[in-house]
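Each chain, written out:
Protein chains: 8
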Amino acid sequence: MGWQVYLSGEIHTDWREHITRGAQAAGLDVTFTGPVTDHAASDDCGVAILGAEERPFWHDHLGAGVNAIRTRTLLERADVVVVCFGEQYRQWNAAFDAGYAAALGKPIVTLHPEQHDHPLKEVDRAALAVARRPDQVVDLLRYALEGTLPTTHGADVSTAPSAA
Amino acid sequence: MGWQVYLSGEIHTDWREHITRGAQAAGLDVTFTGPVTDHAASDDCGVAILGAEERPFWHDHLGAGVNAIRTRTLLERADVVVVCFGEQYRQWNAAFDAGYAAALGKPIVTLHPEQHDHPLKEVDRAALAVARRPDQVVDLLRYALEGTLPTTHGADVSTAPSAA
Amino acid sequence: MGWQVYLSGEIHTDWREHITRGAQAAGLDVTFTGPVTDHAASDDCGVAILGAEERPFWHDHLGAGVNAIRTRTLLERADVVVVCFGEQYRQWNAAFDAGYAAALGKPIVTLHPEQHDHPLKEVDRAALAVARRPDQVVDLLRYALEGTLPTTHGADVSTAPSAA
Amino acid sequence: MGWQVYLSGEIHTDWREHITRGAQAAGLDVTFTGPVTDHAASDDCGVAILGAEERPFWHDHLGAGVNAIRTRTLLERADVVVVCFGEQYRQWNAAFDAGYAAALGKPIVTLHPEQHDHPLKEVDRAALAVARRPDQVVDLLRYALEGTLPTTHGADVSTAPSAA
Amino acid sequence: MGWQVYLSGEIHTDWREHITRGAQAAGLDVTFTGPVTDHAASDDCGVAILGAEERPFWHDHLGAGVNAIRTRTLLERADVVVVCFGEQYRQWNAAFDAGYAAALGKPIVTLHPEQHDHPLKEVDRAALAVARRPDQVVDLLRYALEGTLPTTHGADVSTAPSAA
Amino acid sequence: MGWQVYLSGEIHTDWREHITRGAQAAGLDVTFTGPVTDHAASDDCGVAILGAEERPFWHDHLGAGVNAIRTRTLLERADVVVVCFGEQYRQWNAAFDAGYAAALGKPIVTLHPEQHDHPLKEVDRAALAVARRPDQVVDLLRYALEGTLPTTHGADVSTAPSAA
Amino acid sequence: MGWQVYLSGEIHTDWREHITRGAQAAGLDVTFTGPVTDHAASDDCGVAILGAEERPFWHDHLGAGVNAIRTRTLLERADVVVVCFGEQYRQWNAAFDAGYAAALGKPIVTLHPEQHDHPLKEVDRAALAVARRPDQVVDLLRYALEGTLPTTHGADVSTAPSAA
Amino acid sequence: MGWQVYLSGEIHTDWREHITRGAQAAGLDVTFTGPVTDHAASDDCGVAILGAEERPFWHDHLGAGVNAIRTRTLLERADVVVVCFGEQYRQWNAAFDAGYAAALGKPIVTLHPEQHDHPLKEVDRAALAVARRPDQVVDLLRYALEGTLPTTHGADVSTAPSAA
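Protein chains in written order, with the numbering used here: chain A, 3 to 166; chain B, 3 to 166; chain C, 3 to 166; chain D, 3 to 166; chain E, 3 to 166; chain F, 3 to 166; chain G, 3 to 166; chain H, 3 to 166.
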C-alpha cells in the first residue's frame with residue numbers, strides 16, 4: 003500500500019518537481035498531492051466559479067474557501083506532510099497547514115533555508131525532520147518506505163556510534 | 003484515489019442528475035452517493051421491511067431509522083458533502099446532515115437560491131462554498147480534483163488581483 | 003456537579019422561559035445556555051462589531067460567524083441539547099444544531115408540535131425523546147438528574163409492565 | 003462558568019493589554035492565556051533551563067520545545083483562540099497556532115490590519131471573525147458571553163434586515 | 003466500494019447462513035464478518051495456542067483475549083453491526099458488542115424474538131432497526147445499499163402517508 | 003479532585019449501598035452515579051412523561067430513550083465504571099454499558115459470582131479487575147485513590163515476590 | 003481485505019523472519035511491517051540524510067525523528083501490533099510502541115521469555131495475548147483471520163470445558 | 003486553574019519529592035499525581051484485594067490491572083507527563099507510559115542521566131524537553147505556568163540571539 007505525501011507551501015519555485023522526479027527515479031510507491039500551484043487560478047478560483055466580488059476581502063474569502071475543499075481533504079488523507087518555506091513571501095498558509103497537520107498527529111517534514119531557522123523554530127519543533135534541499139526529502143521518503151540510506155551525500159556514517 | 007461526494011437534500015428536482023452528468027462529462031474521478039431518492043420508498047422503508055405501525059409517528063420513526071443505516075454510513079465515508087435546499091419543503095434533514103457533516107469536519111458545499119440566504123446563514127457559514135447552480139458544484143469538484151477552472155461562465159478573471 | 007443544557011431553536015416564543023422557570027421551581031441543578039435570543043442583535047452582531055457590509059449575503063455571513071463563536075462553544079459544553087421547532091419559520095439552524103449535536107454524541111431532546119412529525123422524522127430519530135410541551139422537558143431533566151417522575155400528568159403508570 | 007481565551011501571535015505591541023483591560027472594564031467572565039511575551043525569556047528558556055547549545059538551531063529547538071509545554075496546554079484548554087498578526091515579522095508561529103486550533107475545531111478570531119488580508123486569506127477563512135482593532139475583540143467576547151452589542155461604534159444597524 | 007457487516011451474537015443457530023445466502027442471492031456487494039462460530043475452538047483458542055491453564059477463569063481469560071484480537075478488529079472495520087440474541091443463553095458478549103459498536107457510532111441492527119423485547123430495550127434503543135427474522139436483515143441491507151424495497155413481505159405500503 | 007464512579011447493572015440487590023457506605027466509611031473522595039434504581043420508575047419513565055403507548059415495544063422504547071439521557075451522560079463523565087451482574091435476570095443493559103465503556107477507554111471493574119465466569123468472559127477480559135464482593139470494589143477504589151491496601155482480608159501478602 | 007501487522011521491538015534476532023515465514027506457509031492474508039532492522043542504518047539515518055551532528059544526543063535525536071516518520075505511520079496503519087522483548091538490551095522503544103498502540107486501542111500481542119514477566123507486567127496487561135515463541139504468534143494470526151486452531155502443539159484441548 | 007502533572011517512572015529514588023518540594027517552594031499551582039510508589043503494595047495490590055494466585059504470571063496480571071485503574075485515570079487527566087528513568091531496572095512501564103502519553107498528545111518531559119541517551123532516543127524524541135535533574139523539571143513547570151526563568155543555573159543568557 004503506497005504512501006500519500008502532501009507537499010504544502012510555496013508555489014513559486016520548482017521544489018515539488020524536484021521531489022516528484024526524485025521519488026520517481028528512486029521507484030518509490032508514493033503519490034504526491036498538494037494545493038493548486040497555478041497562482042492565478044488559486045487566487046481567482048472563488049470568483050471564477052461562484053461569481054465576482056467587488057471587495058478584495060470577499061474575493062479572497064471565496065477563493066480560500068474553494069481551495070480549502072481541495073487542500074483540507076488531501077491534507078487529511080496524507081501519510082506525511084512536507085511544508086516548504088521559500089526565501090520570499092510570508093507563506094502563512096504553509097505555517098497554517100503545518101499547525102493543522104500537527105494537531106492531526108501527521109508526521110511533518112519542513113524544508114527551508116537556514117535563514118528562516120529562528121522564526122520557524124516552533125514549526126520545526128513540531129516536525130520530525132528539517133530538510134534544506136528537496137533531495138533530502140526524497141532520501142527521507144526512501145528511508146521511510148524502504149529502509150535504505152543514500153550512499154553519496156549527507157554525513158559520512160562510517161564513524162557513527164553503534165551501540166544499543 | 004477517487005473522491006466520494008455525498009449529495010444531501012431535496013429529492014424533488016433533478017439537481018443530482020445535473021451534477022452527476024456534469025462530473026461524468028468532465029471525466030472526474032468522483033463517486034456520488036446520497037439518500038434514497040424514491041420518495042415513497044424512503045417514507046415506507048421502515049414498515050415495508052419491519053412491519054406496519056398504526057401511529058404515523060412510529061411509521062416515520064421506523065423509516066428514519068432504516069434510512070439512517072444508509073445515510074449515516076455514506077455521509078461518514080464522504081470526502082465532500084453537498085447540501086441542496088430547494089424552493090419548497092422544510093428540508094430539515096438536509097440542515098441536519100449539514101450539521102452532522104460540520105461536526106465531523108467534512109468540507110461542505112451548499113446549493114440553494116438566494117431567497118434562502120437569510121434563513122440558511124448559519125448553514126452557509128459552515129460551508130466552504132455556496133453555489134446557486136449544479137454546474138457550479140461540478141466546477142468546484144473539477145477544481146478540487148484537477149485544479150482547473152471553467153473558461154466560459156462565472157466572473158471575468160482577467161482583472162483579478164495577482165499578488166501574494 | 004450540575005448539568006449544562008443547551009436550548010437551541012426558535013427565538014420567537016417564550017419556551018425557554020417556561021423550561022428555565024420550571025427547572026428552577028423544581029430546584030434542579032441545571033444551567034441553561036443558548037443562542038442570543040434578541041433577534042435584531044443576532045441578525046446584526048456581525049456588522050455592528052466588524053463594520054457594515056453592503057451585500058446582505060456578507061451581512062449575514064459576518065453575523066453567522068459571530069454567533070457561532072457563542073453557539074458552538076456552548077453547544078460543545080452542553081450535557082444535553084434541547085431543540086425546539088416552532089410553528090413558523092424554517093429554523094434550519096435548529097436542525098443544523100441537532101445534526102451537529104448528534105455527530106458529537108450529545109443526548110438530544112426535540113420539542114415541537116405533531117404537525118412537524120413527518121418532516122422532522124430524521125431529527126427526531128436522532129433524539130432520545132420527543133416532547134410536545136416545555137413542562138415535559140422539565141420532567142425529562144428532573145428524571146435525568148434526580149430519578150423522580152411527575153405525579154399528575156402524562157400516562158397513568160399503574161398498568162405498566164413490571165418484569166425484567 | 004467562565005471562558006478561557008488564548009491570545010496567540012505577536013509579542014511586540016500591547017494588543018493583549020488592550021483586550022485584557024477592555025474585557026475587565028466590561029466585567030466579562032474571561033480568563034486570558036497566551037505564550038510567554040518576554041521575548042528574551044521566550045528565546046532563551048530552553049538553554050537557560052536545560053543547558054547551553056552551541057548551534058543556534060538546537061538553541062532554538064530547545065526553546066521551542068519548552069515553550070510548547072506551555073502553549074500547547076493552554077491552547078487546548080482554550081474556548082476561543084485570538085490570533086494577532088502585526089505589521090512586522092513573519093509570525094509563522096501565529097499561523098501555526100491558527101492551524102492547530104482549526105484542526106481542534108476551536109473558534110478562531112484573527113486580528114490584523116487590512117494590508118495582510120491577501121496573504122492571510124487561508125487563515126482568515128478558518129476564522130469565525132476577522133477583527134481590525136483590539137476593542138472589536140472585546141466586543142466579540144462580550145457578545146459571545148452576554149449577548150449584548152456595543153452602542154457607539156461599528157455599523158448603523160437601523161437599516162439591517164429583520165426577518166427569518 | 004462494498005460494505006462490511008459484522009454479525010455478532012449467538013453461535014448455536016444458522017442465522018448467519020440465512021443472512022449470507024440471502025445477501026448473495028440478492029447480489030449485494032457486502033462482506034460478512036463475525037466471531038469464530040466453532041464453539042469448541044472459540045472456548046479453547048487461548049489454551050490451545052498459549053498453553054494450558056488449570057483454573058477455568060484463566061482458561062476463559064486467555065480465550066477471550068485471543069478472540070478479541072479477531073472480533074475487535076473486525077468490529078471496528080464494520081460499516082454495520084448486526085447483533086442477534088437467540089432464545090437461549092445469556093449472550094452477554096452480544097450485548098457487550100452492541101455497546102461497543104454504539105460508542106463507536108456504528109449503525110446497529112438487532113435481531114431477536116419479541117420475548118426479549120423488554121430486557122433488550124436499552125440495546126434496541128441504540129439500534130437503528132429491530133428485526134425478527136434474518137430475511138429482514140437482508141432486506142435492510144438491500145435497501146441500504148441499493149435503495150430497493152422487498153415486494154412480497156412486510157407491510158402493505160399502499161396506504162402509507164406520502165407528503166413532506 | 004474527586005473521582006466519579008458509575009455503578010452499572012442490576013437494581014434488585016443492595017450492592018450499590020454496600021459500596022457507597024464502604025467508600026464513605028473509608029473517607030474516599032468519590033461521587034457515585036448510576037441509573038435510576040426505582041424499577042417501576044425506570045420502566046415507565048417514558049410514558050409517564052411523554053404519554054402512553056399501547057404497544058409494549060414502544061412503551062419500552064420511550065423509556066429506554068429517557069433513561070439514556072441520564073445514563074449516557076453519567077457514563078461518559080465517569081472515571082471508573084463498575085458493572086454488577088446478579089444471580090438472576092439477563093442484564094443485557096449491564097453488558098451493553100460495559101461494551102460502551104470499553105470503547106470509550108474507561109477503566110472497568112466487574113462484580114459477579116463465579117457461576118457467571120464463563121458467559122461473562124468477554125466482559126471480564128475488557129475489565130481491569132473482576133470482583134466478587136462489594137467490599138473488594140471499595141478496596142479497589144481506596145487503592146486507586148489513596149494507594150493503601152486492606153489489612154485483614156484477601157491474600158497474605160508476606161510471601162509476595164519483591165523484584166523489579 | 004488483508005490484515006496489517008506491525009512487528010515492533012528487538013532487531014537482533016530473527017523472530018520477524020520466523021513469523022513472516024510461518025504466516026506465509028499458512029497462506030495467511032497478512033502484510034507485515036516494522037521499523038528498519040538494519041541497526042547501523044537505523045542509528046545513522048538522521049545524520050546520513052540531514053547532515054552530521056557533533057553531539058551524540060543530537061545525532062540520536064535526528065535519527066529518532068527520521069525513524070518515527072516510518073514507524074509512526076506504519077504503527078497507526080496496523081490492525082495488530084506484536085511487540086517482542088529479547089533477552090538483552092533495554093528496548094525502551096518497544097515498550098514505548100506498546101504504550102502508543104494501547105492508547106490507540108490497537109490489539110497488542112507481546113512476545114518474550116518468562117524471565118521478563120515481572121518487569122513487563124504493565125505491558126502484558128495491556129496486551130490481548132502473551133506469546134513465548136514466534137510460532138504462537140503465527141497461530142494467533144491464523145486463528146484471528148481464519149478461525150482455525152493448530153493441531154499439534156499447545157495444550158491438549160480434549161478436556162476443555164464446553165458450556166456457554 | 004492549576005495544572006496536573008503526572009510523575010511516571012522509577013519508584014526507588016526520591017526524585018518525586020525533589021520535584022514536589024521544589025514546586026511548593028516556588029509557589030506553583032500544580033497538583034502532582036503518579037503511580038503508587040510503595041513497591042510492595044504496588045506488586046501485591048491485585049492478590050491482596052482480589053485473592054491469591056499461585057502462578058506468578060497471574061499474580062502480576064492482577065496487580066497490573068489494579069494499578070492501571072489508578073494510573074490510566076491519572077495519566078489521562080494530566081496536563082504534563084514527566085517520565086523518569088533511573089540508573090537501574092528496566093522500567094518498561096515508564097516507557098509504556100511515555101508511549102501512551104505521546105499517543106494522547108500530552109506534553110512529555112523525560113528525566114534521566116546521559117548514559118541512557120542512546121537507548122531512550124525514541125522516547126526523548128517524543129518529549130518536549132529532556133531534563134537531567136529534578137530541579138530542571140521544577141524550572142520547566144515554573145516557566146510553563148508563570149513564564150519566569152531561573153536566575154542562577156543553566157546557561158548564561160546574556161549573549162543569546164534576539165531577533166524574530
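I should point out that these hints are in silico values taken from the structure, not numbers from a laboratory. Take the hints with a grain of salt, since some may be wrong.
Said to hold, decoys possible - Example chain C residues on the side facing chain B (calculated, C-beta under 8 Å, incomplete):
1) Gly4
2) Glu19
3) Gly67
4) Gly101
5) Tyr102
6) Ala104
7) Leu106
8) Lys123
Beta carbons are placed, not taken as given, at the ideal position from N, Cα and C, and that holds for glycine.
Q) Once the shortest beta carbon distance from Ala104/C to chain B is found, is it less than 8 Å? A) It holds, given that the least Cβ distance between Ala104/C and chain B is near 6 Å, below 8 Å.
- Message: Holds or violated: the hint that Gly4/C contacts chain B, with Cβ atoms closer than 8 Å.
- Response: Violated: closest Cβ of chain B sits about 24 Å from Gly4/C, beyond 8 Å.
### Query
With 8 Å as the cut and Cβ atoms as the points, is Tyr102/C at the interface with chain B?
Holds, because the Cβ-Cβ distance from Tyr102/C to chain B comes to roughly 4 Å (cut-off 8 Å).
Tell me if the interface restraint on Gly67/C is satisfied: Cβ within less than 8 Å of some Cβ in chain B.
6 Å, holds
**Report entry** When the least beta-carbon distance from Gly101/C to chain B is tested against 8 Å, hint result
**Finding:** Hint on Gly101/C: holds, closest Cβ of chain B at ~3 Å, below 8 Å.
Verify the interface restraint on Lys123/C: the C-beta must sit less than 8 Å from at least one C-beta of chain B.
-> 4 Å, holds
Does Glu19/C hold up as a contact with chain B if the rule is Cβ-Cβ below 8 Å? 23 Å, violated
For the hint on Leu106/C, just tell me whether its beta-carbon gets within less than 8 Å of chain B. 5 Å, holds
The structure does not agree with the numbered hints 1, 2 stated previously, though it agrees with the rest.
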